[in-house]
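Peer 1: The chain contents come next:
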Amino acid sequence: MSATSLEAAPDQSTPPPAHSRGRWVWAKVPVSPARSWTYRVIAIVLVLVGAGIYLGASVHVPDLFGAIFAQTFTTAPNIEELVVLATPFFLTALAVLIPLRVGLWNIGGEGQFFAGAWLATGLAFWLPHLAGPVMIIGMLLAGAIGGAIWVTIPMLAKVFLNVNEIISTLMLNLVIVLWVAYWLTGSWHYQASTGGTLESRLLPAQSHLPLVHLEGGLDSGLLIAVGITAVVGVTLRYSAFGYRSLVVGAGRPVAKFTGVRTRRILVTSFLLAGALAGVAGVLQLAGNSYQLTPGLSNNTGYLGIAVAILAGNSILGLGVMSCLLAAIMLIGQTVQIYGVSSEAVFIVIGLLLLFNAIGEALSQYQLIRRPRDAPLEPADINVEAPFDLLDVETQLEISPELADDAAFNRGADL
Amino acid sequence: MNTFELYFAAALLAATPLLLAATGEMLGETLGLLNVGIEGLMLMGAVVGVIVTLKTDSPELGLLLGALAGAAFLLVTYAVPVVLLGCEQVLPGFAVWFIGLGLSQQLGNAFENTTVNSQSTIVGLPGIDRIPVVKEMIGHFPWPVYFAFVLPFVVAWMLSHTQHGRDLRAIGENPIAAAAGAGIAVRAWRVFYVGVNGLLGGLAGAVLAVISVGAWGPDVTAGRGFIALAVVLFSGWRPLRLIVGAYIFGGLLILVELGGALVWPVSSDFLGMVPYLGAVLILILWSLRGRRYGGSAAPSSLGLRVAQRR
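The listed protein sequences correspond, in order, to chains A and B.
Counting in the numbering used here, the first sequence runs from 1 upward without gaps.
Counting in the numbering used here, the second sequence runs from 1 upward without gaps.
A portion of the hints provided could be inaccurate.
Claimed, not checked - Calculated Cβ distances over 10 Å to all of chain B for the following chain A residues:
(1) F73
(2) Q291
(3) A344
(4) I347
(5) I349
Unchecked claim - Coverage of chain B stretches by chain A, computed from C-beta distances (three or more under 8 Å per stretch; other residues unrestricted):
(6) 89-101
(7) 146-156
(8) 218-225
(9) 258-270
Simulated from the structure, these hints should not be mistaken for lab results.
A virtual CB, placed ideally from N, CA and C, is assigned to each residue, including glycine.
Isolated chain B, as found in the complex (with noise of 0.2 Å):
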């Protein structure tokens, strides 16, 4: 395997974690529920992801638990404040995230840096290994690195090709008319979409934890919920786009391991900044071409507070 091959697969398991927390928050901002606190959902997967696999040798146990325990964390967290009692949303977010911190490393204080065997999640494509470069560079990788990429498909196809994704788009377009005008479940809907939120970005932190970092160490997500959220803003709510967004900046987050290997020139300080640097960057060129080829894509009740009383 040469280092380019070695970097796009180091890449693509870069990229999941992002793409599974970016489909889900992309999922709830369809519905106009903006959770800023991805960061700590994501930091509640994994250090649950973390501990049920070293308890049980399973990491595919430990990545279903990661997740349901993102679902139920963000039910608690976010949909009885945000849906249920018609709370403002960023504060709900910030608590979640703070929440997530607090308590992740609460939970993980005994199992810091104890390394985490996931060899058992690699899958092989059937077929591939006839295929001599692409075999090495997409064949042989854990099953959610397939799951997250095919996700966007399933999410586009049923936004835009079902009745429920058109009720989901109604919803988030203008839950008034959705609600008394076409009778759609609208709370109904949207707790479930929180839960469905909670349920991939835990998985996208179990992900990080069990799979690319292999342990948990109290800041391992190191501001990926954050990107998640820029991806999606680059998405401009397009689950495709999402693929091509969370794939540039898992390609920046293994810079620094790029540059250390090739023994770059550069402090791994400065490659460390990129992908941050690289979300504001690419925020800003976005939003200028926005404003050339027109409005926002935004769901329209995205962010407003809305509370259904009956």
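Looking at chain A on its own, in the form it has when it is part of the complex (with noise of 0.2 Å):
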């Protein structure tokens, strides 16, 4: 021990008085996953409370609350509209999800499904006479390949040239509702519509998908989201593409070091994300309301968003949490009769995830009390690097170089 540390040492013959027994400092501690999920799972709860007490305070009306549940979650027609408006969260969630196991963001899941809906559209138009089947399934590769193109620009522009994806894909959303109004305006343009509504003419018949269960709407959408997410969830769990993506989501440099083609993964994280979204606006097309407009996704594009990062890379989460953000738009319905605007719902949502980060990061630290004449340790000031924003391009140049370094090659000795 040298003399200098000696000389700090506190004299351990007489206690330090109580007010200088040290300061409380926030201090790390080992992440777990059960401790990061009971803070998160506190956040959500905390923030359903805060809303249900504004809600309460705000509003009213004798028994409110009863009366959203009686309105909400009693009746076999009102649980079914939940299941339909959670139907193509599934899919907008994958589509924010998948890029997100590889470290990037996918913001355009609102102008992939919009890509997917109009060539799927435009494929009911413009060959009319496909028997059902047939057209059904043309529809769902349409809607499948008009999402992947739709992002295949961000995507191109994120893997060779680090173009910020996330206002690539943004844009790129904005951009589409334009596309959209313009075939709405056009040619696509539904005679019968009042008031200057834009629709499109109804789809013919035999596109509709065929209703499971008439009295709610219950359309076999939900089947097909169900099952995909399903098949997606095991291919992302067991399959050796969803092993790299979470290599590649770990960062570059691991990747390079063990020989997964990080552009390949990177690629195809994003057309299949892409198709996904794509694929959801073909289920609420043909599935929900048999026409082409503006209102199509109802937000769940960006809302999908949320679900992801709510899920947090679990697929039963994600499904849960479906359910929960349909359950929110559904009671956001229903007190809109009370005069609580329809974008009350997204203040939520915002706050879901606010609280979500803030429980994250609290999960990770822990208040202990340390001596008040402590140094300053340098893992006081602490700088990493989360998964999700490393650089690809650093990332890609740093690579060839460590490639030739010595001590990265030591590494592979090992």
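From the two separate chains plus the hints, produce the assembled complex.
Peer 2: Structural data, given as structure tokens:
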């Protein structure tokens, strides 16, 4: 022990007075999934309770929550409506979750949704005489292709030129809205629409998805969505692709080191995401509205971001969160008659994201007591790169240099 | 006033919110703080600006309170989680976007499409009336147009010629060294500049709604927050280039009106796409150029999670 630390050591014989025993500091604790999930569930419950209290305080209706519950969850048609609302969330959330596993943000779910719906509508109008099953399968394929095409430019720009994918995917959302509006005012315009409403002609009858249960309008789209989600979930969990995407997400040097072809994984993830969002558009189109409208997505492309984040890379969580968000949207529709604006749902969902992030951060830290005169440790100020913001270009540039680096190659010998 | 002068003036006005928001964002990014939720921030500034202007008949007060509302909003939703609690940065950014979107519409429901009068904000540059063409183009504008134009010069001077500016860049490059080595109050300055970012973003929204559009509408920003983010990337974190970027996109944003006025044989839907497609295209071209001339000028700690626990 050096002389300086001896001097700094407190006198062992007399206990220090209580007020100088130390100070409370945030200290990092090992990350455990259970701890993280606990904090995040607490965060979600806090937001929902807060929203409920606000609603109760601002809307003066006797037995408000009883009425909401009765109008939302009790009858079979209502529950079917909930399930119908949840259907597109499964796929638009997967469209965010898959790129997130490799560390990239796909904010363009909304655009890919419309691109898929647009191409499928085009197929139904241009080839109106296809037989039912052929038509439906064709539309689903068209949706997947449309969504994948719509993500191609941001994907190529990100993978090969490192263009920020948050901005590029979002910008294309705004583009497709105008593109759809162009077709709806032009050749697909529904002549019988009232008051200048933008909507397309009705799709031919054989393109409608068969209904499973007539009463609440429950269509087979849910089965398709759940089926696709299950297949994708199993693929991500057990296939080589799923494993490699996690490796890429862990950092590009890691991927290089393990010989994973980073670009191939990034391209596949983005195309898959776009295709799934496009299929979500087709399910909504052929299962629900039977015509292309600007409001077809009901913001599910954007809200899918929230579902994917709250689900935290878990397919089961994704199912639960899809239903939770659908319930929030349904309650939002119910309380609109009490003067709450339809967009208030976004406040709740924004708060969910915020509290989820805070909960995730808090779960990594704990208040501990540290002696007042303890020296500043390097770990007291801590900089870390989260997996999702690692820069593709930097990583790709570092890797070839690292490959020649002796220290890097020593690692390979181990 | 001929058509060219008229649309030059309209482009300046359309570019002003972009320039204000982008300057604020660039200041934040200089300290390593990436806020992707400028859209929500601008919406909050816009709705508060319009409501205050309608209630008090004073657009100045509307702009001021819109800016302050933006600062308060961003401090609560972004500074607390990111700077004080050490959260990851993109998620609180999305939260800013979503909460701003929902809250602004909830607040602005009753004021939708009520026009506001902002004539009193228009000032004339002294002595400009003696110069014939220029006076029409840049002579008489609401003061935020001039303020937004001057601001990047002030920021550029501050960042490169003052000790405080060097401190800020040090924080952005290496927060650990800045705090432990240079003794800079990293956390305090980060909170402060999140506030500045909120102030300018809120002002940008208020300028857009109160002066450019003259009314509150649910989607009054129409993606301008994200275009401002693209302007910052375009600038390569050099304040003076923000002016170039903002005016380019300002020019693209008024193409719809220009096409309508000149009866161009192009659908207004396609003209409306131009700024968004232009943003993607410019980022791609800029990236190609960056590949040729060397690496990124981004602050090294941009977007990284910094938890300072003492």
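Peer 1: A separate judgement is required for each hint: does it hold in the structure or not?
Peer 2: Verification of the hints:
{"no.": "1", "hint": "F73", "result": "23 Å, holds"}
{"no.": "2", "hint": "Q291", "result": "19 Å, holds"}
{"no.": "3", "hint": "A344", "result": "5 Å, violated"}
{"no.": "4", "hint": "I347", "result": "4 Å, violated"}
{"no.": "5", "hint": "I349", "result": "5 Å, violated"}
{"no.": "6", "hint": "89-101", "result": "holds (count 12)"}
{"no.": "7", "hint": "146-156", "result": "violated (count 0)"}
{"no.": "8", "hint": "218-225", "result": "holds (count 3)"}
{"no.": "9", "hint": "258-270", "result": "holds (count 3)"}
Figure legend: structure checked against the earlier numbered hints; hints not met, in rising order: 3, 4, 5, 7.
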